[in-house]
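S.K.: Chains as they are written, first to last, in our numbering: chain A, 1 to 518; chain B, 1 to 518.
FYI, nobody ran anything at the bench for these hints, they're computed from the structure. Among the hints, a few may not be true.
Identical chains share a label here; the pair holds if one copy fits it or two copies do between them.
In silico lysine-lysine, DSSO-like type, Cα no more than 30 angstroms apart, as pairs [claimed, not checked]:
hint : residue 1 : residue 2
1    : 282       : 7
2    : 446       : 505
3    : 21        : 282
4    : 415       : 133
5    : 343       : 505
6    : 469       : 509
7    : 72        : 346
8    : 415       : 343
9    : 133       : 175
10   : 343       : 469
11   : 469       : 346
12   : 147       : 64
13   : 346       : 481
14   : 153       : 175
15   : 72        : 147
16   : 346       : 505
17   : 293       : 282
18   : 38        : 282
19   : 282       : 19
20   : 147       : 469
21   : 415       : 132
22   : 64        : 38
23   : 415       : 481
There are 2 protein chains.
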Amino acid sequence: MVEFEVKSRDLLARIGRLKTKSGTVETPAFLPVINMAKQSVTPRELWEEFGCRILITNAYIIKKQQAEEAAKMGIHSFLDFPGAVMTDSGAYQILAYGDIEAAPEEIIKFQEEIDTDIATILDLPTGWGVSKKHAENTVRETINRAKMLEELKTRSDILWVGPIQGGRYLDLVAKSAREMSRIPFDIHALGSPTPVMERYIFDLLVDMIFAAKLNVPFSRPFHLFGAGHPFMFALAVALGCDLFDSAAYNIFAQDDRYLTTYGTVRLEELEYLPCSCPVCYKRDPRDLREMPKNEREAELTRHNLYVCFSEIRRIKQAIIEGRLWEHLMMRAHGHPSILQAMKRLKDYGDILERHSPIVKRSGLFFFSSIDLARPEVIRHNGRLRERYSPPEKAEVLILFPSFGPRRTGRSRRYKRILADAYAKLQIDKGQVHECFYVPPFGVVPKELSDVYPLSQFEIARPPDAETIKYVAQRIVEYVKKSRYERRIMIVESGTWQEEIAQICKENLKEESLEFITL
Amino acid sequence: MVEFEVKSRDLLARIGRLKTKSGTVETPAFLPVINMAKQSVTPRELWEEFGCRILITNAYIIKKQQAEEAAKMGIHSFLDFPGAVMTDSGAYQILAYGDIEAAPEEIIKFQEEIDTDIATILDLPTGWGVSKKHAENTVRETINRAKMLEELKTRSDILWVGPIQGGRYLDLVAKSAREMSRIPFDIHALGSPTPVMERYIFDLLVDMIFAAKLNVPFSRPFHLFGAGHPFMFALAVALGCDLFDSAAYNIFAQDDRYLTTYGTVRLEELEYLPCSCPVCYKRDPRDLREMPKNEREAELTRHNLYVCFSEIRRIKQAIIEGRLWEHLMMRAHGHPSILQAMKRLKDYGDILERHSPIVKRSGLFFFSSIDLARPEVIRHNGRLRERYSPPEKAEVLILFPSFGPRRTGRSRRYKRILADAYAKLQIDKGQVHECFYVPPFGVVPKELSDVYPLSQFEIARPPDAETIKYVAQRIVEYVKKSRYERRIMIVESGTWQEEIAQICKENLKEESLEFITL
Chain A
1 MVEFEVKSRD LLARIGRLKT KSGTVETPAF LPVINMAKQS VTPRELWEEF
51 GCRILITNAY IIKKQQAEEA AKMGIHSFLD FPGAVMTDSG AYQILAYGDI
101 EAAPEEIIKF QEEIDTDIAT ILDLPTGWGV SKKHAENTVR ETINRAKMLE
151 ELKTRSDILW VGPIQGGRYL DLVAKSAREM SRIPFDIHAL GSPTPVMERY
201 IFDLLVDMIF AAKLNVPFSR PFHLFGAGHP FMFALAVALG CDLFDSAAYN
251 IFAQDDRYLT TYGTVRLEEL EYLPCSCPVC YKRDPRDLRE MPKNEREAEL
301 TRHNLYVCFS EIRRIKQAII EGRLWEHLMM RAHGHPSILQ AMKRLKDYGD
351 ILERHSPIVK RSGLFFFSSI DLARPEVIRH NGRLRERYSP PEKAEVLILF
401 PSFGPRRTGR SRRYKRILAD AYAKLQIDKG QVHECFYVPP FGVVPKELSD
451 VYPLSQFEIA RPPDAETIKY VAQRIVEYVK KSRYERRIMI VESGTWQEEI
501 AQICKENLKE ESLEFITL
Chain B
1 MVEFEVKSRD LLARIGRLKT KSGTVETPAF LPVINMAKQS VTPRELWEEF
51 GCRILITNAY IIKKQQAEEA AKMGIHSFLD FPGAVMTDSG AYQILAYGDI
101 EAAPEEIIKF QEEIDTDIAT ILDLPTGWGV SKKHAENTVR ETINRAKMLE
151 ELKTRSDILW VGPIQGGRYL DLVAKSAREM SRIPFDIHAL GSPTPVMERY
201 IFDLLVDMIF AAKLNVPFSR PFHLFGAGHP FMFALAVALG CDLFDSAAYN
251 IFAQDDRYLT TYGTVRLEEL EYLPCSCPVC YKRDPRDLRE MPKNEREAEL
301 TRHNLYVCFS EIRRIKQAII EGRLWEHLMM RAHGHPSILQ AMKRLKDYGD
351 ILERHSPIVK RSGLFFFSSI DLARPEVIRH NGRLRERYSP PEKAEVLILF
401 PSFGPRRTGR SRRYKRILAD AYAKLQIDKG QVHECFYVPP FGVVPKELSD
451 VYPLSQFEIA RPPDAETIKY VAQRIVEYVK KSRYERRIMI VESGTWQEEI
501 AQICKENLKE ESLEFITL
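Take these sequences, add in the hints, and give me the full structure.
M.R.: As structure tokens, then:
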């Protein structure tokens, strides 16, 4: 069994420690793809200068070109890298060239011979733009090849990766995942997402990852093949990808392209270097452009690596702080394709809620209705619906607007509203149950309003239309199932509260809710 | 007259060259606040290591503590800084301590004596939480002091800054700006925004900056005093602030706080350093925590400076690319207070449109209804309303849904919809005027759909509720004023198009618009 210890979690992300025979690797980990023929930054430099502890290289290409040398030296000496080495199997080459010159059995054997730490069976990638029938075949064939592994493997100190196929056919991805999870792999991986990522169809990628991830044991680390660009690392990690490889740092540098966390820029388009990494901080783009090609490529490769590794550290720090959602929101507003992917999360809100930890360190930031899919919002309303009963003595419900935790309760504005409302109502306070209506949470009984996270968040006001609708729906739901004798909603005129009141009016009978406009 | 040459513009931002007697400074420029008593990174290091070409220091504090030495040496030797030096006048000290021990005349004279490059009159700051009467007094007194300047100043090689007061009273800010602009200052500045920024009331800051900026000549550079945190640099620049000073890099470092472009983190809360600057790239937070206090403070100061200077480069690159709005969207989703400020921009859309350049280099990214305030959206609809007439032969209008430029026109999906629609309609194509309805732009006649920016944008789908409403309103407007015999809207069922159609139905008479659902 794989040794994978989870230290910290947020959404489906986790900071973990994965044990390999060449050392323990902290996840989430970005694995630079090493192609020794085109490597301007060596594995040794990755280890020493970038703190890189795991990388990936292609066993099939090595087998084809330098099989004997690699087997004799072992992959670690061959690459001159003392950390963990993962090897890919040539599946990507099948996707690119239709077929490869090696049998699945040979690829298994060769990975044992070169003494890799994490090995991949030679799966048959589904690819893109294929029929469902073809996709089914790739799933079946991959499972057949996976079943061979148990008989063929001779060593127990290598972790084996079971790729999940099915492509855009989510039912096939789920089926593939269920079948593969029955085979004792150490790690699972989503196969052939590259065409999806190259086309920036990250919303489909979300569906694919969930279809796979939810059908394999969470105790096994999950790898995303060919994850590509650092602007989507946070998304992948949030969905539970513990490992992902990318060759982008290298391929883009060869083509004079400069990575940022919000996209790629051609070096020729840069008039300023928007970065403080050791490559950039004292240079301007002209300095880079005037370098000889090989030196420029090496420097761009280094810059690209700095971007990738610091993004991983930033993601890890966000997980620790319980602010991965906030980090995702920033990345989602770097490119519309990532935001489009985030919009898909509302269909998976319950799953995110179930797996996301409850106590967090930090207050929450709310920006827009995208945030309605946050675990904290779903959790609050689930609890209110299933586990909450109002105080028994309460006969009158008064719903006050809230302006966020800093301003609620003790704020001057709230006190004035409270005083105005009671002056108009002439009700005995002892009978009243005070509640807030609070974007984006909905209804918050006053006695819960000091509880995390209801007491610790900030929201950009005014709320957007979907958030207003959501809050109004929560009020309607709460009022409908409540047993108060009177229900009164306080509304300040000329504010977003009127829009909420309007939706409540349309959805409740006249006698259900009275409105006091201040 | 100040020599200020604008090289590039985007929104109200500009990349400019400001001539001072100690060299030309490129704007937008971040001016580190230098307090020689508390400076762990010297002005010389700022010049040599950080490429800093302009800084600011407090003439009043120097006058109080080392007047003679500074006057004898000149401020450049005194600070050991060969670049441009701006001096503040002690107004902040008035705000903090009520009064200072120097008369306005002395402060003018002293700044000439120390040979500063950019000098500030001793204005009377309005401050926060003051009555309108008090605010009026500060405006009047500042103007009186400003009028003294012409008689008192003896040199012509110093640029003089005229601060604008009025605080949160926007009419007073506008009045102050109008009066100050009649005095031949070289540079204007918004005075006393610090309390507003400390309270993160950036939406009010937007109003204050516009009230000032729109009432002074655009040919004079505009300074924002005490701009604070790098997470709001982009906002300040987008609103036309060419210069801004900040002591945050230093003050926060003294207090073991680490700046990022999305907020401040206490060093003790960091488990990973989310940065690749020379301070961070090979260290972890423990390394910093274990340093002696003065060394740690110096390293944190350096890190904070790297964040500030790279943010400025990133903003400049965004201006060059015509992507400052995109950059703002990223920053706005780093902290709700910045998004809240961006929501204010919809009231200034026409002004942004008027000043923003028309031809840009890059395609646009659309994320949410916040983007409806973008100059390109406002410009398109202004033109359609005022300058566009449909082809004369057109008798039938057909409105097709669009899926963004990559998918429109030549896409398979569009062709299929087109074929299906014509099959149902049996209309002579020669009479038809094909238009698209395109979030977020609204109605786009097909003959314009290849024009920038209509041909070059990406949008996160589905559009949000406000964007849907906006597009529907544009359709209603277009249909109402058009003279077609028939108007037909094509809608794909189960998509966002149905929501648009619904709003159109509610706002148009039945005979105005026919709907074909596919």
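S.K.: When no copy is specified for residue 415 and residue 343, does a C-alpha distance of 30 angstroms or less occur within a copy, between copies, both, or neither?
M.R.: So residue 415 and residue 343 pass the 30 angstroms test across copies only (27 angstroms; inside, 38 angstroms).
S.K.: Which holds for residue 469 with residue 509 at a C-alpha limit of 30 angstroms: within a copy, between copies, both or neither?
M.R.: both (18 angstroms within a copy, 27 angstroms between copies)
S.K.: How would you label the pair residue 282, residue 7 (within, between, both, or neither) given a Cα cut-off of 30 angstroms?
M.R.: Between copies, since 23 angstroms is at most 30 angstroms while 38 angstroms is not.
S.K.: When Cα atoms must be at most 30 angstroms apart, do residue 343 and residue 505 count as within-copy, between-copy, both, or neither?
M.R.: The answer is both: 29 angstroms in one copy and 27 angstroms across copies each meet 30 angstroms.
S.K.: Evaluate residue 133 and residue 175 at a C-alpha cut-off of 30 angstroms and name the case that applies: within, between, both or neither.
M.R.: within (14 angstroms within a copy, 74 angstroms between copies)
S.K.: Could you figure out if residue 469 and residue 346 sit no more than 30 angstroms apart (CA to CA) within one copy, between two copies, both or neither?
M.R.: For residue 469 and residue 346, both the intra-copy (15 angstroms) and inter-copy (21 angstroms) Cα distances are at most 30 angstroms.
S.K.: At most 30 angstroms between alpha carbons: which applies to residue 21 and residue 282, within, between, both or neither?
M.R.: between (40 angstroms within a copy, 25 angstroms between copies)
S.K.: One pair to classify: residue 446 and residue 505, alpha carbons no more than 30 angstroms apart. Within, between, both, or neither?
M.R.: So residue 446 and residue 505 pass the 30 angstroms test inside one copy only (23 angstroms; across, 42 angstroms).
S.K.: At most 30 angstroms between alpha carbons: which applies to residue 72 and residue 147, within, between, both or neither?
M.R.: within (28 angstroms within a copy, 86 angstroms between copies)
S.K.: Cα distance capped at 30 angstroms. Does residue 415 pair with residue 132 within a copy, between copies, both, or neither?
M.R.: Between copies only: 24 angstroms across chains, 63 angstroms inside a chain, cut-off 30 angstroms.
S.K.: When no copy is named, should residue 346 and residue 481 be tagged within, between, both, or neither for a Cα gap of at most 30 angstroms?
M.R.: within (25 angstroms within a copy, 39 angstroms between copies)
S.K.: At most 30 angstroms between alpha carbons: which applies to residue 147 and residue 469, within, between, both or neither?
M.R.: neither (51 angstroms within a copy, 55 angstroms between copies)
Comparing the model with each earlier hint shows violations of hints 7, 20; every other hint is respected.
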